[in-house]
Amino acid sequence: MRKENDALMAQQMNVRNEWYLSSFERFEKSLNGEAKMSVHTMRRAAIAKFAEIGFPTTHDEEWKYTDVTPIARMHFKPILEYKSAGLTAEDIERFTFGIPNLAVIVNGHFSKELSRLSDLPKGVRTGSLAEALRNDTGIIENHLAHHARYEENGFLALSTAFLRDGAFVHIPEKIVLEEPIHLLFISTNPGEPFVSHPRNLIIAGKSSQAAILETYVSLTSNKYFTNAVSEIVVGENAVLEHDKLQVESEQAFHVSTIHIHQERNSNFVQHAITMGGLLTRNNITAVLSGEGIESTVNGLYLGTGTQHIDNHTVIDHAQPHCNSHELYKGILSGKSRGVFNGKIFVRKDAQKTDAKQTNKNLVLSDEASIDTKPQLEIFANDVKCTHGATIGQLDEEAIFYLRSRGIDLGKARDILIFAFASDVVDRLNIEPLRDHLHAMIHDRLETEREQK
Amino acid sequence: MLEIINLHASVGGNEILRGIDLKVNAGEVHAIMGPNGSGKSTLAGVLAGRESYQVTEGKIIYNGHDLLEMAPEARAREGIFLAFQYPVEIPGVSNTYFLKAGLNAIRKHKGLEELDAIEFLKLVKEKAKLVEMDETLLSRPVNQGFSGGEKKRNEIFQMAVLEPKLAILDETDSGLDIDALRTVADGVNKLRRPDNSTIVVTHYQRLLNYIVPDYVHVLVDGRIVKSGRKQLALELEDKGYDWLRDESVVNA
Ligand SMILES: Nc1ncnc2c1ncn2[C@@H]1O[C@H](COP(=O)(O)OP(=O)(O)OP(=O)(O)O)[C@@H](O)[C@H]1O
Ligand SMILES: [Mg+2]
Numbered sequence: 007m008r009k010e011n012d013a014l015m016a017q018q019m020n021v022r023n024e025w026y027l028s029s030f031e032r033f034e035k036s037l038n039g040e041a042k043m044s045v046h047t048m049r050r051a052a053i054a055k056f057a058e059i060g061f062p063t064t065h066d067e068e069w070k071y072t073d074v075t076p077i078a079r080m081h082f083k084p085i086l087e088y089k090s091a092g093l094t095a096e097d098i099e100r101f102t103f104g105i106p107n108l109a110v111i112v113n114g115h116f117s118k119e120l121s122r123l124s125d126l127p128k129g130v131r132t133g134s135l136a137e138a139l140r141n142d143t144g145i146i147e148n149h150l151a152h153h154a155r156y157e158e159n160g161f162l163a164l165s166t167a168f169l170r171d172g173a174f175v176h177i178p179e180k181i182v183l184e185e186p187i188h189l190l191f192i193s194t195n196p197g198e199p200f201v202s203h204p205r206n207l208i209i210a211g212k213s214s215q216a217a218i219l220e221t222y223v224s225l226t227s228n229k230y231f232t233n234a235v236s237e238i239v240v241g242e243n244a245v246l247e248h249d250k251l252q253v254e255s256e257q258a259f260h261v262s263t264i265h266i267h268q269e270r271n272s273n274f275v276q277h278a279i280t281m282g283g284l285l286t287r288n289n290i291t292a293v294l295s296g297e298g299i300e301s302t303v304n305g306l307y308l309g310t311g312t313q314h315i316d317n318h319t320v321i322d323h324a325q326p327h328c329n330s331h332e333l334y335k336g337i338l339s340g341k342s343r344g345v346f347n348g349k350i351f352v353r354k355d356a357q358k359t360d361a362k363q364t365n366k367n368l369v370l371s372d373e374a375s376i377d378t379k380p381q382l383e384i385f386a387n388d389v390k391c392t393h394g395a396t397i398g399q400l401d402e403e404a405i406f407y408l409r410s411r412g413i414d415l416g417k418a419r420d421i422l423i424f425a426f427a428s429d430v431v432d433r434l435n436i437e438p439l440r441d442h443l444h445a446m447i448h449d450r451l452e453t454e455r456e457q458k
Numbered sequence: 207m208l209e210i211i212n213l214h215a216s217v218g219g220n221e222i223l224r225g226i227d228l229k230v231n232a233g234e235v236h237a238i239m240g241p242n243g244s245g246k247s248t249l250a251g252v253l254a255g256r257e258s259y260q261v262t263e264g265k266i267i268y269n270g271h272d273l274l275e276m277a278p279e280a281r282a283r284e285g286i287f288l289a290f291q292y293p294v295e296i297p298g299v300s301n302t303y304f305l306k307a308g309l310n311a312i313r314k315h316k317g318l319e320e321l322d323a324i325e326f327l328k329l330v331k332e333k334a335k336l337v338e339m340d341e342t343l344l345s346r347p348v349n350q351g352f353s354g355g356e357k358k359r360n361e362i363f364q365m366a367v368l369e370p371k372l373a374i375l376d377e378t379d380s381g382l383d384i385d386a387l388r389t390v391a392d393g394v395n396k397l398r399r400p401d402n403s404t405i406v407v408t409h410y411q412r413l414l415n416y417i418v419p420d421y422v423h424v425l426v427d428g429r430i431v432k433s434g435r436k437q438l439a440l441e442l443e444d445k446g447y448d449w450l451r452d453e454s455v456v457n458a
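First to last, the sequence lines map onto chains D and H. Mind the numbering: the first sequence is residues 7 to 458 in our numbering, read in order. Mind the numbering: the second sequence is residues 207 to 458 in our numbering, read in order.
In short, the hints are calculated from the structure, not lab data. These numbers come from a predicted model, not from an experiment. No residue lacks a Cβ here, since even glycine has one placed at the ideal position from N, Cα and C. It cannot be assumed that every hint is accurate.
To be verified - Some, not all, of what chain D presents toward chain H, calculated at C-beta under 8 Å:
1) A57
2) K212
3) Y407
4) S410
5) F426
Claimed, not checked - Listed next, with one range per pair, are the computed distances between beta-carbon atoms:
6) H/D401 <-> D/E96: 33 to 43 Å
7) D/R433 <-> H/R412: 40 to 50 Å
8) H/V217 <-> D/T392: 31 to 41 Å
9) D/H393 <-> H/D448: 52 to 62 Å
Sequences are here, hints too, so could you generate the full structure?
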C-alpha cells in the first residue's frame, strides 16, 4: 500500500515537474540569441536539477510545516517578457510611499517607463538585471547565483532556470546614498494563473551606505505565484539596510529567497514584513563571512483568514567577533498559520560570536496557530548565544486597564496589537515606510474589527 | 450617586464579597479600610467592571443605571474611574496616546467635541502640573519602568484628565513618599466638586488627614462590619482590626 502510494506520488510529481520542463522549452525558444550567453548553461543545469529534485514535500525537514502542493499542482504560466500591462505612474503611486528612487518590476520584468531613477548619484546603478546580464558581466560572473545556489531546493532551481530579469543594484565603493532605493514588484493581470521569477542582485561596495526596500504588491485578483530571489552582497565596512514588504493579494503564492553575504566589518539590517499572500515562505540566509560584522535580521508577520506564513532564517557565523540580532514577531488571527524556524550556525572558527534570537507570537484566535523552532548549532566554544520564543494572547489586565479609561474592547485590543507590531516597525530606518506601515497595520486592524 | 445592595462576588468559586451594602451620595468622600485580603480591591474591581469576578447576588445602581449590566468602558464613559492598586505596565503604548483615546471616547459619549492633538497636549500639561507629574512620563509607555510612586501619581494624573464623577482610589497612598502623598491628596481635593464622589481605599489614617472622608467603612472578610465618621479611622489606627473581626463573627 505504502509502496503504491509512493509510486503514485512520484508519478504525480513527475506530471507537475513536466509542466515546468515544457515551460522551460518554450522559454528557451523565446530567448533566441540570448541562449548563447554563458548564463544559459547555468539555466540548463538548474532545470536539470529541478527535474531531479522537484518541489519540496513535507517529508523534507525544512518544509515540514509548509505544504507547497497548492503551488506544485497549479499550471502557472511563466511570463517570458516585459509588457507594461497599461500601467501608469498614477496606478502605482500609492505603492511608492513617496520614496524618490523607484525601480518598478512588472511580473518579474524591469519597467523602464515606470521607474524613476534619474536622481541617483553618479556611479550608482539601479535597473534591470537583464541589462546587467549583458553589460556587467564581471559582477554577474562573480556574484549571480553564487550565494543563493540552485542546488538547494526546487524553488531556487526554478528561479535559476527561468532567470531573465529583475532588479540590479550596484552601489560603488564609498558612495553614501542619502535617499533609499525602492524596488517595487508588481504582479498584474494576464488572466490565467502565472508565475514570475524576479531575480535580484544587490551589491553594496566597500564602505558604501544605502537603504533598499523591496515591496511586493498585486494589481490582480487572479491566482499567481511569485518566486523571488535576492542575492545581497555587503562589502567590507559597508552599511546596508534592506527591508522587504510583502503585501500581495490573498490569491498570491509567494516564495522568497534572500541570501545575504556579508564581508568584514560590514553592518547589515533587515526587516522582512509579511502581510499579504495566501501562502508565503521566506528563506532568509545571512552568511557572516568576515570578522567584526554586525547583522540584524528582523521580521514581522501578520496572518489573517487562511493565510499561511512561514519564515525560515539562517544566520551563519563563519568568522570570529561577529554579532547577530534577530527579532521576529507574529500576529495570527482567523485561521491563519505561522511558522518560524530560526537557525543559527556558529562555525568552529567563529569564536567570540554574540548571537541573539527572539521570536514572539500573538495568537488571537483558537483556530490560528504557530509552529516555532529555534535551532542553534554551535561548533565554537567561546560564544554567547541566546534564543527565546513565546506564544501568547493579549494581556487581559492591560485590556481591562484601557477599557477602564473609556476605550472600547475592540479598540483596546487593537492598541495592544498595534504596540506589539510597532516594536518591529519602529526599528525601520526608512521613515516613509515606517509611517506607511503604521497606517497599513492600523487600517488592517480596523477592517478586521469591522468584519467581526 | 451609587447604591450597592447585598453584593456578593466570587473569584474562581471562592466567595470574596459576602453581602456589601453601601450608599454614596453626590459630593461625599467614603473611606474603606480593612485588613489585607478582606476584599477591598475586589469591591473596587467589581465597580469598575473587572471581568474575572463573578457577581453572584446583589445589585449596584449608579446614577440610575444598572451598573452590573455595563461594560467597563461604558462605566468609564459614565464617569467611573478606578485608580488601580497595581497600575498595569503596557509596553509600546504611550501614556498620552492611550489617554487621548480614552478621553475622546468619554467626550464623544458626552456629546462633546473630540480634542485634537494640540488641545489635548495643552490639557495634559495643565493636569500634569496640577499633580506635579514629571512631563517626561507623558510620552513614555504606560507605566513601564515607572517607580511605584510614579505609577500612583500617573493614576491621579489620568483622573485629573478624565474628570470622573465617581473616583475609586485603591491604595493610591501606598508607595508614595510624604511629599508626594500631599501633592496627590491636594490634586484629589482640587478636583473635588459638589457633584463628584470619591471612594478611598486605604490602610492608613495619614491619607485621611489630607482627603477628609465623610464616612469610614471597615471591610472584614467581604462584609462591611462597621461604618462611622472620620474618627473611626483614628480608632482603627489605635486598635487594629481584631476587635471588629470578633464583632463580625458575633454578627454572623
Ligand atoms: N484573581 C483572583 N484569584 C484568586 N483569588 C483572588 C483573586 N483576586 C482576589 N483574590 C482573593 O480575594 C481576596 C480579596 O482580595 P482583595 O485584593 O480584594 O483584598 P484587599 O482587601 O484589596 O487586600 P489588600 O489590602 O492586600 O490590597 C484575597 O484572599 C485574594 O487572594
Ligand atoms: Mg487591595
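Hint-by-hint comparison with the structure:
1. A57: violated (50 Å)
2. K212: Violated - the Cβ of D/K212 stays beyond 8 Å from chain H, reaching only about 38 Å at its closest.
3. Y407: Hint on D/Y407: holds, closest Cβ of chain H at ~4 Å, below 8 Å.
4. S410: With a minimum Cβ separation of about 5 Å from chain H (threshold 8 Å), the hint on D/S410 holds.
5. F426: Since the shortest Cβ distance to chain H is 7 Å, the answer is holds.
6. H/D401 <-> D/E96: 33 to 43 Å: violated (57 Å)
7. D/R433 <-> H/R412: 40 to 50 Å: holds (46 Å)
8. H/V217 <-> D/T392: 31 to 41 Å: Distance hint for H/V217, D/T392 holds at roughly 37 Å.
9. D/H393 <-> H/D448: 52 to 62 Å: The hint (52 to 62 Å, Cβ to Cβ) holds, given that D/H393 and H/D448 are roughly 53 Å apart.
In this structure, the hints that do not hold are numbers 1, 2 and 6, in rising order.
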